[in-house]
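> Just need the whole structure built from these sequences, with the hints factored in.
There are 2 protein chains.
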Amino acid sequence: MNELVECKTFSFELQNCDGAARAGRIKTRNGEIQTPIFMPVGTLGTVKSMTPEELVRFNTQIILGNTYHLYIRPGLDVIEAHGGLHKMMNWDKPILTDSGGFQVFSLKDLRKIEEDGVTFQDHIDGSKHFFSPEKVIEIQEVLGSDIMMVFDECPPHDAPMDYLQKSIDRTTRWEERCLKARTRDDCALFGIIQGATDPALRRQHAQTLRSFDFDGFAIGGLSVGEDAPSMYSTVEATTPEMPSDKPRYLMGVGKPENLIENIARGVDMFDCVLPSRNGRNGQCLTHSGVVNIRNAQHRLSLDPIDADCNCYACTHYTRSYIRHLFKSKEILAARLCTWHNLAYYLKLMESARESILENRFAAFRKSFYDKRSQAVPML
Amino acid sequence: MNELVECKTFSFELQNCDGAARAGRIKTRNGEIQTPIFMPVGTLGTVKSMTPEELVRFNTQIILGNTYHLYIRPGLDVIEAHGGLHKMMNWDKPILTDSGGFQVFSLKDLRKIEEDGVTFQDHIDGSKHFFSPEKVIEIQEVLGSDIMMVFDECPPHDAPMDYLQKSIDRTTRWEERCLKARTRDDCALFGIIQGATDPALRRQHAQTLRSFDFDGFAIGGLSVGEDAPSMYSTVEATTPEMPSDKPRYLMGVGKPENLIENIARGVDMFDCVLPSRNGRNGQCLTHSGVVNIRNAQHRLSLDPIDADCNCYACTHYTRSYIRHLFKSKEILAARLCTWHNLAYYLKLMESARESILENRFAAFRKSFYDKRSQAVPML
Chain G
-15 MNELVECKTF
-5 SFELQNCDGA
5 ARAGRIKTRN
15 GEIQTPIFMP
25 VGTLGTVKSM
35 TPEELVRFNT
45 QIILGNTYHL
55 YIRPGLDVIE
65 AHGGLHKMMN
75 WDKPILTDSG
85 GFQVFSLKDL
95 RKIEEDGVTF
105 QDHIDGSKHF
115 FSPEKVIEIQ
125 EVLGSDIMMV
135 FDECPPHDAP
145 MDYLQKSIDR
155 TTRWEERCLK
165 ARTRDDCALF
175 GIIQGATDPA
185 LRRQHAQTLR
195 SFDFDGFAIG
205 GLSVGEDAPS
215 MYSTVEATTP
225 EMPSDKPRYL
235 MGVGKPENLI
245 ENIARGVDMF
255 DCVLPSRNGR
265 NGQCLTHSGV
275 VNIRNAQHRL
285 SLDPIDADCN
295 CYACTHYTRS
305 YIRHLFKSKE
315 ILAARLCTWH
325 NLAYYLKLME
335 SARESILENR
345 FAAFRKSFYD
355 KRSQAVPML
Chain H
-15 MNELVECKTF
-5 SFELQNCDGA
5 ARAGRIKTRN
15 GEIQTPIFMP
25 VGTLGTVKSM
35 TPEELVRFNT
45 QIILGNTYHL
55 YIRPGLDVIE
65 AHGGLHKMMN
75 WDKPILTDSG
85 GFQVFSLKDL
95 RKIEEDGVTF
105 QDHIDGSKHF
115 FSPEKVIEIQ
125 EVLGSDIMMV
135 FDECPPHDAP
145 MDYLQKSIDR
155 TTRWEERCLK
165 ARTRDDCALF
175 GIIQGATDPA
185 LRRQHAQTLR
195 SFDFDGFAIG
205 GLSVGEDAPS
215 MYSTVEATTP
225 EMPSDKPRYL
235 MGVGKPENLI
245 ENIARGVDMF
255 DCVLPSRNGR
265 NGQCLTHSGV
275 VNIRNAQHRL
285 SLDPIDADCN
295 CYACTHYTRS
305 YIRHLFKSKE
315 ILAARLCTWH
325 NLAYYLKLME
335 SARESILENR
345 FAAFRKSFYD
355 KRSQAVPML
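Chains G and H, in that order, give the protein sequences.
If you count by this note's numbering, then the first sequence holds residues -15 to 363, one letter each, in order.
If you count by this note's numbering, then the second sequence holds residues -15 to 363, one letter each, in order.
Simulated from the structure, these hints should not be mistaken for lab results.
Be careful, since some hints might not be right.
Since the list gives no way to pick one copy over another, a pair counts as held whenever it fits inside one copy or between any two copies.
[Unchecked claim] With a Cα cut of at most 27 Å, we get these calculated DSSO-like pairs of lysine-lysine:
id, residue 1, residue 2
1, Lys311, Lys71
2, Lys350, Lys11
3, Lys92, Lys313
4, Lys164, Lys239
5, Lys77, Lys311
6, Lys(-8), Lys77
7, Lys119, Lys96
8, Lys71, Lys350
9, Lys112, Lys311
10, Lys311, Lys119
11, Lys313, Lys77
12, Lys313, Lys164
Structure, rendered in structure tokens:
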């Protein structure tokens, strides 16, 4: 493995464990990330409705970009002309990019999987494209990603066992090819563990991959329709098999309680469109639970979205006003609720981290549920 | 007229005249306005896509709210619960509100005009409402407007002469009733001069109104479909008949060149949805003319929207990136182009003002057209 390029700008320091929960610090060429961390999703080179400066105001430390989407629009030549994704979108902190695998495999009837890679037609004008492990690394290096993801197959969580096994084996071969395809030594590369909701498959894939020279490891293929207990038991089976000295990233997760529960199971990093997408629809996530700001009950409410939140939206505007903005289809409505939701997620991660560093994560986890007056789910 | 309430918090100081062009200073209970000034339009209690803090970054000094729209949505009880429009929308600088006349008269088949006022059905659910001079003053006082506008009829610019004369006479009676209806002494009230594009009618109405105790005077009923030379000649006939010691406001105008030309004819204040509406559609107004940012020619352009502009959009983003945002229907696209367009308008007013204070408005006006490589229109 001597000829492989290694990332010289990436490191992870595990600062404390409180039970299985971990607090750590990731270094990248574009700055530090304190874990556990939530990564707002910037699919097309923008976290929808937000500016980068706004993201920084609530301590966003890393955002996610989507390789498939950026490859289709605006196209690699445009991003290359800007000198990479960071410069194009005016974001100078870390960016993690997915490999496009998830999106490509979502194009069910428009793609063909072979050992070499996947041929697919895009969702914009149906043009044909080919993604292989080598190709997605090339793309992510052009994007200038701080953390690249390997090209993997994300099979349906209810796929038959023989398909799952075949798919995982091919994904393993693809992951090896990704490692070999790397040319930049300032872009980290994470492996991805698959195995649907089968604990044995997950353990096996984690054990296979742990000897690979990745900078971190992700759990892929969850949050794709399975129920929460299945997600939790799958993660619980997987994390003990993952290297403890590398960051652990649970892809596409999730609701606030999913974050808390998976931190409890040893996960360090999360991303999800939920806070931004739901924010644009007027669904606010608060310390006391979900607030649907469009509801008539808020018509005259002078309360903020979340009385326990100190974000811009909560310190400057009432529920009544924000409801009015939604009823009037004003852009500021989407901005304010996205702002609050993301700020709430980042604050939740900050509080979790503090509690882990101070060995009081169990109490923090309990208080999270107490405030919401919801039962703590079974471990 | 002794029993009339007068505004104690409003004053206007004419600082310099350069030809007919004027530089001045308006004081209101919520701060000063330096004229000539452009007022961004915040129809429903938000300047579309912008926060108040952003507006201040490019020196917005006063915004406009729409009485009709705010009365329908969110409704007066909501605004009253907040303690007025300023507090509801988090804007602590001056607000001018129109009287709703223009909107009500736009509801052609849904309204009935009588001496007492206008009965109309709203555009949301067809509910019946009645606006009278007394009612619109009452509404604007609840809004807490710094500058209220009288209730006037805005007849079509091609209405027959006998209708125009009747309409103007009724508007005059309505304006008198507005003066009498006023109860707050911290909300200024502007009269409105009508008369379509007929210079004699305009002069006559201006002469009638100049003895009324208004805090300022507006020219209404222009920018409603007439050509630019008609607009200019109408303003030119009207401003000499307006009090020189009160602010002059040309309602609903306009393109950058309309602002320059009407400043040259003695106007101090403007409002228009053009910069914000066109910004949301990707039409940018720049020192060198109109830039349609969606055009394919900008696909790889690393230039800012306007190289002569120092706004946030122009100092942080390329045409290429903003074009990508538009093609992808990203909210940030609308934000950045609205931001630039409004910043450009405010900067244009600032530059015009400086040139008037330094008695070089003619040179400024020439340079405005030189940069655009367009012929200076005839006076």
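> Of the numbered hints stated earlier in the document, which are not met by this structure?
2, 4, 8 and 12
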